[in-house]
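K.L.:
Use the sequences and the hints to build the structure in full.
Chains as they are written, first to last, in my numbering: chain E, 5 to 513; chain R, 671 to 1150; chain C, 1394 to 1544.
Think of the hints as simulated: they come from the structure by calculation, not from any bench. Treat the hints with care, as some may be off.
Claimed, not checked - Under the rule of at most 30 Å between Cα atoms (straight-line distance), these lysine-lysine pairs were calculated in the DSS-like manner:
#1 R:1027 / R:860
#2 C:1543 / R:786
#3 R:820 / R:777
#4 E:351 / R:806
#5 R:948 / R:860
#6 R:1081 / R:1027
#7 R:1081 / R:860
#8 C:1428 / E:338
#9 R:806 / E:338
#10 C:1440 / R:948
#11 R:820 / E:338
#12 R:864 / R:837
#13 R:1027 / R:986
#14 R:723 / C:1440
#15 E:351 / E:338
#16 C:1440 / R:806
#17 R:776 / C:1440
#18 E:338 / R:889
#19 C:1428 / R:806
#20 C:1538 / R:723
#21 R:878 / E:338
#22 E:92 / R:878
#23 R:786 / C:1440
#24 C:1543 / R:777
#25 C:1440 / R:721
#26 C:1440 / R:837
#27 E:351 / R:889
#28 E:92 / R:786
#29 E:351 / R:878
#30 E:92 / C:1428
#31 R:864 / R:986
#32 R:853 / R:889
#33 R:777 / C:1440
#34 C:1543 / R:723
#35 E:92 / R:806
As the list claims (entries may be wrong) - Only part of the chain C face toward chain E is listed, based on derived beta-carbon distances under 7 Å:
#36 1422
#37 1425
#38 1426
#39 1427
#40 1430
Everything numeric in this text was worked out from a predicted model, so none of it was measured. Glycine included, C-beta positions come from ideal geometry on N, C-alpha and C.
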Amino acid sequence: MTPIQEFLENLKQTPRHIRESAMRNGKAPETDRERSQSTLHNLFLHMQSVRTDRRSLRFAYTFGLGLILTASFVVLTITGILLMVYYKPGVELAYNSVKDIHFVVPAGRFIRNIHRWSAHLMVLAVFLHMARVFYTGSYKRPREFNWLIGLALLVFTLGLSFTGYLLPWDQLAYWAVTIGANIASSPREVTDAIGITAWFDPGGFQKQLLLGANYVGQESLIRFYVLHVAVLPLLISAFMGLHFWRVRKDGGLSRDESKPAPPARIGDRDLEVFAPTKTYGLMAVVRGRTPVVGRSPEGSVSSWPNLMWAELAAFMFTIAVTLVLSYFFDAPLKEMANPAIPENPAKAPWYFLGLQELVSYSAFMGGVGIPSIVLIGLGLIPYLDRDPRGVGIWFGGPAGRRTFWQSLAYGLTSVIALLAVTVNFGWLRTWFPTIPQIAIIILNPATVIVAMFSAWSLWVLRRTGSIRMSAVALFTCFLAGFVVLTAMGSIFRGPNWHFYWWPSQWPTH
Amino acid sequence: MSGDPSRPFKWVTVICSVVTAGFLVAAAVRENVSADWRGHQAVFRGILLSKAKDDTARATARNLPIEIRQVVVPALHTVDRCVTCHLGIDDPRMTDVPNPHRVHPKKLLAIHRVEKFGCTVCHQGQGAALNFEEAKAEDYFWDYPLLPAKFTEATCASCHDPRALPKGSAEKLVLGMQLFEQKGCNGCHKLNGKGGQLGPALDNEGLKTKHQFVRANLKGSQTNWNWFAEHFRDPAGIVAGSLMPMPALSQPQVEALTVFMLSLRQRDLPAEYLAPDKIDEQYARLHPPAPDGAALYHRYCAACHDTGLHSRWDKKFARFVPGIRNAAFIRAEDDECLAENIREGRPGTRMPGWGPKAGGLSDAEVTALVAYLRTSAPAMVLPPAPPRGEATRGAALFAQECAGCHGMDGKGVIAPALANPVFQQAATDAFISQTIRAGRENTPMPAFGRAGVSESQIGDLLAYIRRWQPPTKQARSQRP
Amino acid sequence: MPDSPKRRDFLGLTALWGVVIAMGTALAGVMRLPKPAVQPGPLRVFKLGDPAQFAVGSTTRVETGGFFLFREEQGFHAISSVCTHLGCVVAHNEGEGFACPCHGSRFSTDGSVIGGPAPAALPWLEIVLSPDGQLQVNAESAVPKGSRFKV
Chain E
5 MTPIQEFLEN
15 LKQTPRHIRE
25 SAMRNGKAPE
35 TDRERSQSTL
45 HNLFLHMQSV
55 RTDRRSLRFA
65 YTFGLGLILT
75 ASFVVLTITG
85 ILLMVYYKPG
95 VELAYNSVKD
105 IHFVVPAGRF
115 IRNIHRWSAH
125 LMVLAVFLHM
135 ARVFYTGSYK
145 RPREFNWLIG
155 LALLVFTLGL
165 SFTGYLLPWD
175 QLAYWAVTIG
185 ANIASSPREV
195 TDAIGITAWF
205 DPGGFQKQLL
215 LGANYVGQES
225 LIRFYVLHVA
235 VLPLLISAFM
245 GLHFWRVRKD
255 GGLSRDESKP
265 APPARIGDRD
275 LEVFAPTKTY
285 GLMAVVRGRT
295 PVVGRSPEGS
305 VSSWPNLMWA
315 ELAAFMFTIA
325 VTLVLSYFFD
335 APLKEMANPA
345 IPENPAKAPW
355 YFLGLQELVS
365 YSAFMGGVGI
375 PSIVLIGLGL
385 IPYLDRDPRG
395 VGIWFGGPAG
405 RRTFWQSLAY
415 GLTSVIALLA
425 VTVNFGWLRT
435 WFPTIPQIAI
445 IILNPATVIV
455 AMFSAWSLWV
465 LRRTGSIRMS
475 AVALFTCFLA
485 GFVVLTAMGS
495 IFRGPNWHFY
505 WWPSQWPTH
Chain R
671 MSGDPSRPFK
681 WVTVICSVVT
691 AGFLVAAAVR
701 ENVSADWRGH
711 QAVFRGILLS
721 KAKDDTARAT
731 ARNLPIEIRQ
741 VVVPALHTVD
751 RCVTCHLGID
761 DPRMTDVPNP
771 HRVHPKKLLA
781 IHRVEKFGCT
791 VCHQGQGAAL
801 NFEEAKAEDY
811 FWDYPLLPAK
821 FTEATCASCH
831 DPRALPKGSA
841 EKLVLGMQLF
851 EQKGCNGCHK
861 LNGKGGQLGP
871 ALDNEGLKTK
881 HQFVRANLKG
891 SQTNWNWFAE
901 HFRDPAGIVA
911 GSLMPMPALS
921 QPQVEALTVF
931 MLSLRQRDLP
941 AEYLAPDKID
951 EQYARLHPPA
961 PDGAALYHRY
971 CAACHDTGLH
981 SRWDKKFARF
991 VPGIRNAAFI
1001 RAEDDECLAE
1011 NIREGRPGTR
1021 MPGWGPKAGG
1031 LSDAEVTALV
1041 AYLRTSAPAM
1051 VLPPAPPRGE
1061 ATRGAALFAQ
1071 ECAGCHGMDG
1081 KGVIAPALAN
1091 PVFQQAATDA
1101 FISQTIRAGR
1111 ENTPMPAFGR
1121 AGVSESQIGD
1131 LLAYIRRWQP
1141 PTKQARSQRP
Chain C
1394 MPDSPKRRDF
1404 LGLTALWGVV
1414 IAMGTALAGV
1424 MRLPKPAVQP
1434 GPLRVFKLGD
1444 PAQFAVGSTT
1454 RVETGGFFLF
1464 REEQGFHAIS
1474 SVCTHLGCVV
1484 AHNEGEGFAC
1494 PCHGSRFSTD
1504 GSVIGGPAPA
1514 ALPWLEIVLS
1524 PDGQLQVNAE
1534 SAVPKGSRFK
1544 V
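P.N.:
This is the structure:
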């Protein structure tokens, strides 16, 4: 072949050669072995292990919540970047830019709705995911640190949702953030009560840091914008990567190791398991005639295709639900932010309404005290419950299930009863108008609830002798409390934070 | 196959993909095919075609692009998309077609070009919207819904002096302005810095949002024009505890006053938008003509004092209102005293101060008012006051003869308040003693001089009454 | 053991294609977002009032519109004053044509390039009579060189 002919032949073959050069094997995988190799070597796929335990794929075990969260995050990032093309973060421009997105930007209304509902779904899913991981004991060794990373992800998720809430710059946003910022300044309640605010004012400091001023304004908007589109997404992505890496390193999703594993599945055949304990780690399983095959104690299936189907299903489910919601319900947008006209009632986003209810009793306890106690308590769970048994079993077994229901009943009744007392009879300041504030900080419905839950949890500890049971009791009580307080804040609180059975009863101004 | 473990996942994926694709397509159709405005533009194309007279016009009509149209007026911070549906708004041929294609009535757009004004500067509403419901924005999270057609002339006042407009342009508004003056609303409400202080100032009434109104008792549409109309019909029914008397107004008068209320706006419009008559109006405000005492009385005093010839009991104030044009009263007072009373008012009662710093009346206006009051009777030369006697004797006499009406504390709910600092400052001893001596005709104040009260007793009463004199101000009788 | 014989996985294929179609539709929709549905600035259609106010033989510079309006015996025409090289505003010299101060492009009286780096002639702009009887120039719509608008 002459050089010119060689040149032309190469030019003609270029499309095929490009395809082949992109894939290390030169072609798409066709056999199990090739699929396993791809899973191991591919940049994106090697996030998964080559084999997945069958039990990890059971819907009723995890409900796919981790995948739903990841899918929501991807949807939020993509829709968020699209919205950034038109959104303008200045107090004069923000509201109108959001209105323009709603009215004229092609697909703007739909994309904005997707972004909003996806955000709410993500916050809901993060709470459900935490509950699932807790109740299946998946925080126990070696997964304690991943639990902490997960808590960090919880905080970042709430932070992303809260910072995004301000950006439309409407009445809803403005007053919700005003409330939120005042919750941040709630340490003032304590420093004022003991008279040291002039020298030590963490509350004021926190508020200034958050808002860049004493009021919610342009400075706050730009800070929230930077946090929402740059800082928090980077942080959450990094921590998500860490979270997934830890899942791999900790041996994959948790499962009940006490029972024998289901048979390994290779191709479309199940194979008996001989060896009860692992003697070596497997990187890849291939078809062949060696005796190694079939003696794997893992009840595993190939990640490609099985795990990938599970992931795809979870992704598409998340997207489908989000799209249906986004088609029928518009993201809310009230009048433009007007500092002269407070919303009444001015409500924080739904996931903070429980806190807002507590804050209405004591600013410090509701804003700083209880959240800190809860976060620290959650963080301590894996280090207080060191019993390695019961991983991968919901509630740890039938006894745990009983404890769960009992704690749920106890939690619901105690919170509802306490709220009924405060609504009908008031609290300390109603009965003793001159009582010092410090007394209220120490003794208020929030602290009473915590005390009641703790008492119950200690009683369960003594009755069952199991730290995990007492943790289940305490967690369930707090979960019940969170649900009741959130419902209270969203439905039953009207203007001036008075109690109303239904919003239709709210007095018009 | 003994059970593909991924089967359920594949089913979920299929169903969710179908749902996803379905809703994506539905959303795309909703935006790009079935949007209301597209239908309107297609109809308008047909109208243009039917009205086309030659081939170029027909070609233009056929090629009319179906797209969003907007009018951007940076000077007014306006982006109005009304023209997306109202394509024929400035086309004079569109008189015989249904809305939204019809031309703007009254040929107004010939003098208010759409490109220069937009639409919402006159009509309010949410200009950014692309469908009528959201453009109208009533019962919606929008501060300024579309003004009903009958109230649109309210916005004329932003650039024009309505009285200078051609007849038929803003009849309701002009009627409203006249009614406002005739009914004496300024007696309680300030406007442009002048007026009473019993009610709120009305300077920006037209730009108040519905959240700034008390709507607890408002039935019907929660808009500010409905609030105005209902409030004019029954003030206390809308605002519990309101002191505003129920004005006797017919329905057209209610509408006229509503339009006037809507027209009260402190807007920051660029100078090029103000009509010359508006500049004249503002100039006239700064250089007012010689004040007319009678008109001033009517505007600021009549609401409480009525004709002023008789004192009256006001049910809402639960207090007596003096007859300030009572001849006997005017005869006894001198001009300086009257002016002081008007300027300072009666702190602690419903009578506010009307001087430049309080009610906003200029010195010239106060003088004109005094001159008007003076028409009831010329000032008389008062006989000198008796020397002040003993306050303790005066107290006993006061309790016996005066306290029944003037109150033991001198606060006088059914008679003038004697313990009032402005009264003490403005009234001379001679005036007080003359009033005790001769009474006040046509009022319940008897002539105690004729009833046997001696001059020395009057002196005692003087001493007692002067006990209420505030220490900081010197009574006029004691000034050199 | 050998790979089991390949059976077509209809469900799997449908699912995969379903995802591809759904995500493809989403991508298509999303791609439409960056192109504005409506231009954000003020309209580039200029109503200039009664045609009679322009004398025959007059040249009017409309700065806000970026064009020159000419009236001659044959009718009206409008020529854009935006240089086709890199967008500077050209000056008009009566009888000679247009000259651009930035890089020295020169145009004849009908807008054709006679010198300098400009790659194309100055466009002639569409003129119509608006429904309310005003002369209306559309600065975004070009017409062939030489077209005149007769009132």
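K.L.:
So, for every hint listed, does it hold in this structure?
P.N.:
Taking the hints in turn, this is what the structure says about them:
1. Between residue 1027 of chain R and residue 860 of chain R the alpha-carbon distance is near 12 Å, which keeps this suggested pair within the 30 Å criterion.
2. Simply put, residue 1543 of chain C and residue 786 of chain R have alpha-carbon atoms about 27 Å apart, close enough for the 30 Å limit, and the pair holds.
3. In summary, the hint linking residue 820 of chain R to residue 777 of chain R is supported, as the alpha carbons are separated by about 17 Å, within the 30 Å threshold.
4. Our distance criterion of 30 Å between C-alpha atoms is met by residue 351 of chain E and residue 806 of chain R, whose separation comes to about 27 Å.
5. This hinted pair checks out: residue 948 of chain R and residue 860 of chain R have alpha carbons roughly 21 Å apart, not beyond 30 Å.
6. Using a Cα cut-off of 30 Å, the hinted pair residue 1081 of chain R and residue 1027 of chain R holds, with the two alpha carbons roughly 25 Å apart.
7. For the suggested pair residue 1081 of chain R and residue 860 of chain R, the alpha carbons sit about 27 Å apart, so the restraint of at most 30 Å is met.
8. A C-alpha spacing of about 27 Å is found between residue 1428 of chain C and residue 338 of chain E, which places the hinted pair at or below 30 Å, so the restraint holds.
9. Between residue 806 of chain R and residue 338 of chain E, the direct Cα distance comes to roughly 15 Å. Compliance with the 30 Å bound is thereby established for this hinted pair.
10. As the CA atoms of residue 1440 of chain C and residue 948 of chain R are separated by approximately 26 Å, the hinted pair is consistent with the 30 Å bound.
11. Between residue 820 of chain R and residue 338 of chain E the CA atoms are separated by roughly 27 Å; this keeps the pair inside 30 Å, and the hint holds.
12. In summary, the hint linking residue 864 of chain R to residue 837 of chain R is supported, as the alpha carbons are separated by about 29 Å, within the 30 Å threshold.
13. At roughly 27 Å between alpha-carbon atoms, residue 1027 of chain R and residue 986 of chain R fall within 30 Å of each other, so this suggested pair holds.
14. With a C-alpha separation of about 22 Å, the suggested pairing of residue 723 of chain R with residue 1440 of chain C holds against the 30 Å cut-off.
15. A hinted pair counts as satisfied when its Cα atoms are at most 30 Å apart, and residue 351 of chain E with residue 338 of chain E qualifies at roughly 13 Å.
16. A distance of roughly 29 Å separates the Cα atoms of residue 1440 of chain C and residue 806 of chain R; the hinted pair therefore holds under the 30 Å criterion.
17. Straight-line distance between C-alpha atoms of residue 776 of chain R and residue 1440 of chain C comes to about 21 Å, which keeps the hinted pair within the 30 Å bound.
18. The straight-line distance between the Cα atoms of residue 338 of chain E and residue 889 of chain R is roughly 23 Å, inside the 30 Å bound, and the hint therefore holds.
19. A threshold of 30 Å between alpha carbons decides the hint, and for residue 1428 of chain C with residue 806 of chain R the separation of about 28 Å falls inside it, so the pair holds.
20. For the hint pairing residue 1538 of chain C with residue 723 of chain R, the CA-to-CA distance comes to about 26 Å; that is within 30 Å, so the pair holds.
21. Distance restraint check for residue 878 of chain R and residue 338 of chain E: the Cα-Cα separation of roughly 17 Å lies within the 30 Å cut-off, and the hinted pair is therefore satisfied.
22. Restraint check for residue 92 of chain E and residue 878 of chain R: satisfied, since their Cα atoms lie roughly 27 Å apart, inside the 30 Å limit.
23. Note on residue 786 of chain R and residue 1440 of chain C: the hinted pairing holds, with a Cα-Cα distance of about 11 Å set against a maximum of 30 Å.
24. Between residue 1543 of chain C and residue 777 of chain R the alpha-carbon distance is near 26 Å, which keeps this suggested pair within the 30 Å criterion.
25. Between residue 1440 of chain C and residue 721 of chain R, the direct Cα distance comes to roughly 22 Å. Compliance with the 30 Å bound is thereby established for this hinted pair.
26. Restraint check: the Cα-Cα separation between residue 1440 of chain C and residue 837 of chain R comes to about 29 Å, which is no more than 30 Å; the hinted pair holds.
27. Of the supplied pair hints, the one linking residue 351 of chain E and residue 889 of chain R holds, its CA atoms being roughly 27 Å apart against a limit of 30 Å.
28. Restraint check for residue 92 of chain E and residue 786 of chain R: the C-alpha separation of about 26 Å stays at or below 30 Å, so the hint holds.
29. Straight-line distance between C-alpha atoms of residue 351 of chain E and residue 878 of chain R comes to about 24 Å, which keeps the hinted pair within the 30 Å bound.
30. With a CA separation close to 17 Å, the supplied pair residue 92 of chain E and residue 1428 of chain C stays within the 30 Å bound.
31. Distance restraint check for residue 864 of chain R and residue 986 of chain R: the Cα-Cα separation of roughly 23 Å lies within the 30 Å cut-off, and the hinted pair is therefore satisfied.
32. Proposed proximity of residue 853 of chain R and residue 889 of chain R is supported: the alpha carbons are some 26 Å apart, at most 30 Å.
33. For the suggested pair residue 777 of chain R and residue 1440 of chain C, the alpha carbons sit about 17 Å apart, so the restraint of at most 30 Å is met.
34. Straight-line distance between C-alpha atoms of residue 1543 of chain C and residue 723 of chain R comes to about 17 Å, which keeps the hinted pair within the 30 Å bound.
35. For the hint linking residue 92 of chain E to residue 806 of chain R, the alpha-carbon distance of about 26 Å falls within 30 Å, and the restraint holds.
36. Interface hint at residue 1422 of chain C: satisfied, since its Cβ lies 5 Å from the closest Cβ of chain E, which is below the 7 Å cut-off.
37. Among the interface hints, the one on residue 1425 of chain C holds; its C-beta lies about 4 Å from the nearest C-beta in chain E, closer than the 7 Å criterion.
38. For residue 1426 of chain C, the shortest C-beta to C-beta distance to chain E is roughly 5 Å, which falls under 7 Å, so the interface hint holds.
39. Annotation: interface hint on residue 1427 of chain C holds; nearest CB of chain E at approximately 6 Å, less than 7 Å.
40. For residue 1430 of chain C, the interface hint holds, since its Cβ comes within 7 Å of a Cβ in chain E; the closest pair sits about 5 Å apart.
Violated hints: none; the structure is consistent with every hint.
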